[in-house]
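Residue numbers (this note's numbering), protein chains in the order written: chain A, 28 to 219; chain B, 3 to 237; chain C, 451 to 926.
By construction, these hints were calculated from the structure, which means they are not laboratory data.
Glycine is no exception: its CB is placed at the ideal position from the N, C-alpha and C atoms.
It is possible that part of the hints are untrue.
What the hints assert, rightly or not - Just so you have them, the derived chain B footprint on chain C, three or more residues with Cβ under 8 angstroms:
| id | segment |
| --- | --- |
| 1 | 787-799 |
| 2 | 907-918 |
As the list claims (entries may be wrong) - Using 20 angstroms as the maximum straight-line C-alpha spacing, the simulated DMTMM-like pairs for lysine to aspartate or glutamate come out as follows:
| id | chain 1 | residue 1 | chain 2 | residue 2 |
| --- | --- | --- | --- | --- |
| 3 | A | LYS199 | C | GLU816 |
| 4 | C | LYS586 | C | GLU816 |
| 5 | C | LYS502 | C | GLU526 |
| 6 | C | LYS502 | B | GLU163 |
| 7 | C | LYS586 | C | GLU556 |
| 8 | C | LYS586 | C | ASP628 |
| 9 | C | LYS502 | B | ASP166 |
| 10 | A | LYS199 | C | ASP761 |
| 11 | C | LYS502 | A | ASP79 |
| 12 | A | LYS199 | C | ASP645 |
| 13 | A | LYS199 | C | ASP487 |
| 14 | C | LYS586 | C | ASP554 |
| 15 | A | LYS199 | C | ASP730 |
| 16 | C | LYS502 | C | ASP730 |
| 17 | A | LYS199 | C | GLU714 |
| 18 | C | LYS586 | C | GLU821 |
| 19 | C | LYS502 | B | GLU168 |
| 20 | A | LYS199 | C | ASP613 |
| 21 | C | LYS586 | C | ASP730 |
Stated by the list, open to error - Partial selection, computed: residues in chain A whose CB lies under 10 angstroms from chain C:
| id | residue |
| --- | --- |
| 22 | SER50 |
| 23 | PRO103 |
| 24 | LEU114 |
| 25 | PRO118 |
| 26 | VAL130 |
| 27 | HIS144 |
| 28 | VAL150 |
| 29 | ARG163 |
| 30 | GLY204 |
| 31 | GLY207 |
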Amino acid sequence: MPATETDALVARLIGQLERRRASGEGVTAAEAAAAAADRMMAWGAGRAVVPDDPWLVELGVPAALAASGVEVLTWPPTLSPRELLGLDGAPATCGVTVPAAAVAERGTLVLESGPGHGRALDVLGPFHLALLRASRVVDTLAEALAPRFRGRRPPSAVSLVSGPSRTSDIEKISTLGAHGALSEHVLIVVDA
Amino acid sequence: MRALLMRTCLADLAAPAVARAARGALERAGVQVLVPRRQTCCGQPAWSAGHPEQARAVARRTLRAFAGEDPVVVPSGSCAAMLVHGYPELFADDPEAGAARALASRTLELSQFLVRHDLSPGSGASGAVTYHDSCHMLRILGERDSPRAALAGVAGLELREMADTEVCCGFGGTFALSFPEVSGSLGEQKARNAAATGADELVACDLSCLLHIVGRARRVGVPLRARHLAEVLAA
Amino acid sequence: MRLRVRRTSGGTAPPPRVAYPETEALRERAREALQDDQLRGNLRAAAGSWAKGQAAVRERYPFAEMRAEARRIRTEDIRRLPELLDLLEERVRAAGGTVVRVADGEAACRYVVELARRRGARLLAKSKSMATEEIKLNEALEEAGLRVVETDLGEWILQLRGDHPSHIIAPAVHLNRDQIADLFRRHSGEEIPNDREALIAYARRRLREDFAAADIGVSGVNLAVAETGTLCVMENEGNVRLVTALPPVHVALLGMERVVADWEEAALFLELLPMAAINDDAATYVSLITGTRAPDEAGDGPTELHLVILDGGRSALRGTPFEEALHCIRCGACLYSCPMWRSVGGQAYGSPYSGPIGAVITPLLEGMRGERSSELPFFSSLCGACHQACPVGIPLHDLLVRARAAVDTPASRRARLAFRAWSILWRWPPTYRASVALARIGLAVMGRRGWVRRLPGPGAAWTDQRDLPSRWPPHP
Chain A
28 MPATETDALV ARLIGQLERR RASGEGVTAA EAAAAAADRM MAWGAGRAVV
78 PDDPWLVELG VPAALAASGV EVLTWPPTLS PRELLGLDGA PATCGVTVPA
128 AAVAERGTLV LESGPGHGRA LDVLGPFHLA LLRASRVVDT LAEALAPRFR
178 GRRPPSAVSL VSGPSRTSDI EKISTLGAHG ALSEHVLIVV DA
Chain B
3 MRALLMRTCL ADLAAPAVAR AARGALERAG VQVLVPRRQT CCGQPAWSAG
53 HPEQARAVAR RTLRAFAGED PVVVPSGSCA AMLVHGYPEL FADDPEAGAA
103 RALASRTLEL SQFLVRHDLS PGSGASGAVT YHDSCHMLRI LGERDSPRAA
153 LAGVAGLELR EMADTEVCCG FGGTFALSFP EVSGSLGEQK ARNAAATGAD
203 ELVACDLSCL LHIVGRARRV GVPLRARHLA EVLAA
Chain C
451 MRLRVRRTSG GTAPPPRVAY PETEALRERA REALQDDQLR GNLRAAAGSW
501 AKGQAAVRER YPFAEMRAEA RRIRTEDIRR LPELLDLLEE RVRAAGGTVV
551 RVADGEAACR YVVELARRRG ARLLAKSKSM ATEEIKLNEA LEEAGLRVVE
601 TDLGEWILQL RGDHPSHIIA PAVHLNRDQI ADLFRRHSGE EIPNDREALI
651 AYARRRLRED FAAADIGVSG VNLAVAETGT LCVMENEGNV RLVTALPPVH
701 VALLGMERVV ADWEEAALFL ELLPMAAIND DAATYVSLIT GTRAPDEAGD
751 GPTELHLVIL DGGRSALRGT PFEEALHCIR CGACLYSCPM WRSVGGQAYG
801 SPYSGPIGAV ITPLLEGMRG ERSSELPFFS SLCGACHQAC PVGIPLHDLL
851 VRARAAVDTP ASRRARLAFR AWSILWRWPP TYRASVALAR IGLAVMGRRG
901 WVRRLPGPGA AWTDQRDLPS RWPPHP
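Please build the complete structure, drawing on both the sequences and the hints.
Structure representation (structure tokens):
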């Protein structure tokens, strides 16, 4: 795909993430680790649960987080469900994800479960940080689903995530922070 | 131009003036009006209440009274919707299915007929009116524009739109009798919305809605005058 | 439960007839709801905000085209339903899931209760599911001594109140912030301010305890994709994700009609449903679940998936004049659009499914038996706003008329008798004219001053709420 087309998709995705009350920014592979650590600091996250993904290590994300004082746990973490969910006085957790795709038109991330990527990663704690390869951004939801799953069994859990957790169950006014993440930020690695 | 006029049973019962006005408006617009002597009711009350067999027996009379090729004009969105939308289903498994479909295809509500044929009765009505979109007119016939166009064609008339004009007035045929409290509450809201426009009168294409709305308005003390669209056009 | 709706090859089959007792309970519940100013205010606010958002959605997206396409797909998929269900079952099993098809709610409840017993479960965490409301799963589990917690905020509020949902999508829409704050204060013994953020934070904290401790997660299914055996569950809060990720066992209850053939079709409904339900083009979370946790996955994901496919009267509707009721995707748009629902709320309907779709499917799924079946189809002015609101184009007003024709109660039999007499008089012009003349004389006599305040006989229900003008145009 020509670079300009990817740039347009990335720009569109960032706009739609903002509409969904999430946020996103384009970063280079060299900038990604520092940007991740900055975001974690800004949120005040004390713990990060990260997928077991060689790409993240390549980007230097776990190391940068650890260097800035965040407790880094690689999936699968050896924590009880209570600890994972941040009960019992656990530090504020940020779930880190590596989306398999993203839908520019809707501001939607496509998360696939896998050996190193838990299905609840993004809803464990109050924060969700996604590291997304720019080449994985597609335009429409239809493009993100049918071609991926045609002729193969989908991963056991695929999650479409469109912004932070919210509820309209009180007076029909959409309010953030129901059961999943209160904040979502997407680092779009433009040269990946 | 020639047309068959359906008087409607409700006009026969409660307001023969409406049928006369429909005839007058059409004639002034240059239409030769035939009023079939053997017409009764379109059968909708029974059909909507869940009695298709009883409805069919009466509807068959309408089917025959309005046989032929001439267009049929109905001064009621609801009765017109019954002919257009209800008859094909009511007669689906009947030898007269073809006749029912044919009747459906040449039936129009009064304002639809006038506007589609670019006819003007040259009404001398004046003042301000507000228009209630009756449900079957709006959502079954899909007709929002014709009655407004017909009103706009009356030089001395000003249309003041009310809030929620597309919301049901709560009449609903036997619903008005089965659930009178809910029906009355919706009718009251409609009457208040109409009165709030400050218009001189409420106009609609369905006498049933008007009887319900003005009747409720009087019961709860909302001053409201009402006329059928045919009467405004024939004035 | 055996449905007595007759099955035919299609077209307009003669409507089924079943008898049940007479009652005025719905009218009474409706009257009570009408007098509850707070309820009416809450409903008005909710329906108003939906209508405003819906208008914007319809302007922003090619809604009419999507609706036509959705209708085409639903028609085709319901026609192919047995084949699609077989494929779905095969694919779910191939992905490690267990599939059980149940004829009715009782069998569904029995299966879940027995499963819970076999696994020694004590706590089940549930996400919102109208099908579980339909089969009264919570009652069955509680009777069996199990604890079940609703984790959708709205449903949890209702569970704490001992209340029932008033809307398919927004179950607690009949309550306001103050009422919810009162409830949480009573529940917790804590001082919780009545701002939305604080109320939500309280629920988040309390329900995390249950997500962590649950032995079984229970969810509904918005849509199943036959080609891959995938279950789609849509939500905004994140509770579905937790309920389907953390407990070792996941039970999913699927109404058998909620199946699409492939991912192209699924993509349309994943957008159309939230557009109609919440005026957005996406739900915040969609969980697409294919079987159990894979052998190489660790950390979360259930090792057991039980897909319970509920018939509950649905298959008997195929090939009848009511088949289109199976097209429903449970978005709740027809509720918000309905003047009756907006007047009295969902609880007056006495069924988990309220509004126009509830007034149609409640009787049908109950086999046209029982009190509410005899009343619900009549609780509509047939205004057609529901059809306009429906994202899959179900002609609800036509289905309501057909349901009325299928009802057979003492009241409807009396009405039919009266309509038979009417029909004999009005099919002949001379008797028609005579009866009209008689009525006009009566009107003139009773309404000498221009209005009638009290009508006798069946007309009494008219003058219960309205005057009747004896001259036209009327003079106020």
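Does LYS502/C pair with ASP730/C here, judged by a C-alpha cut-off of 20 angstroms? 12 angstroms, holds
HIS144/A as an interface hint toward chain C, with CB separation required under 10 angstroms: 8 angstroms, holds
Does LYS502/C pair with GLU168/B here, judged by a C-alpha cut-off of 20 angstroms? 14 angstroms, holds
Would you mind confirming whether the straight-line C-alpha gap from LYS199/A to ASP761/C stays at or under 20 angstroms? 32 angstroms, violated
Does GLY204/A meet its interface restraint, that is, does its C-beta lie within less than 10 angstroms of any C-beta in chain C? With Cβ-Cβ at 6 angstroms, under 10 angstroms, it holds.
Checking one constraint from the list: CA of LYS502/C to CA of GLU163/B, max 20 angstroms. Satisfied? 18 angstroms, holds
Within a Cα-Cα threshold of 20 angstroms, do LYS199/A and GLU816/C meet the stated pairing? 31 angstroms, violated
Restraint satisfaction for ARG163/A [CB to CB of chain C, less than 10 angstroms]: Cβ of ARG163/A sits 17 angstroms from chain C, so the hint is violated.
Mind checking the alpha carbons of LYS502/C and GLU526/C for me, to see if they're no more than 20 angstroms apart? 32 angstroms, violated
Are LEU114/A and chain C close enough, Cβ to Cβ, to be under 10 angstroms, as the hint says? 6 angstroms, holds
Check the hint pairing LYS586/C with GLU816/C against an upper bound of 20 angstroms on the C-alpha distance. Given pair LYS586/C, GLU816/C holds - Cα atoms ~14 angstroms apart, limit 20 angstroms.
Does the interface hint hold: is VAL150/A within less than 10 angstroms of chain C, judged Cβ to Cβ? 4 angstroms, holds
Violation of the numbered hints given earlier is confined to hints 3, 5, 8, 10, 11, 17, 21, 22, 25, 29; the remaining hints are satisfied by the structure.
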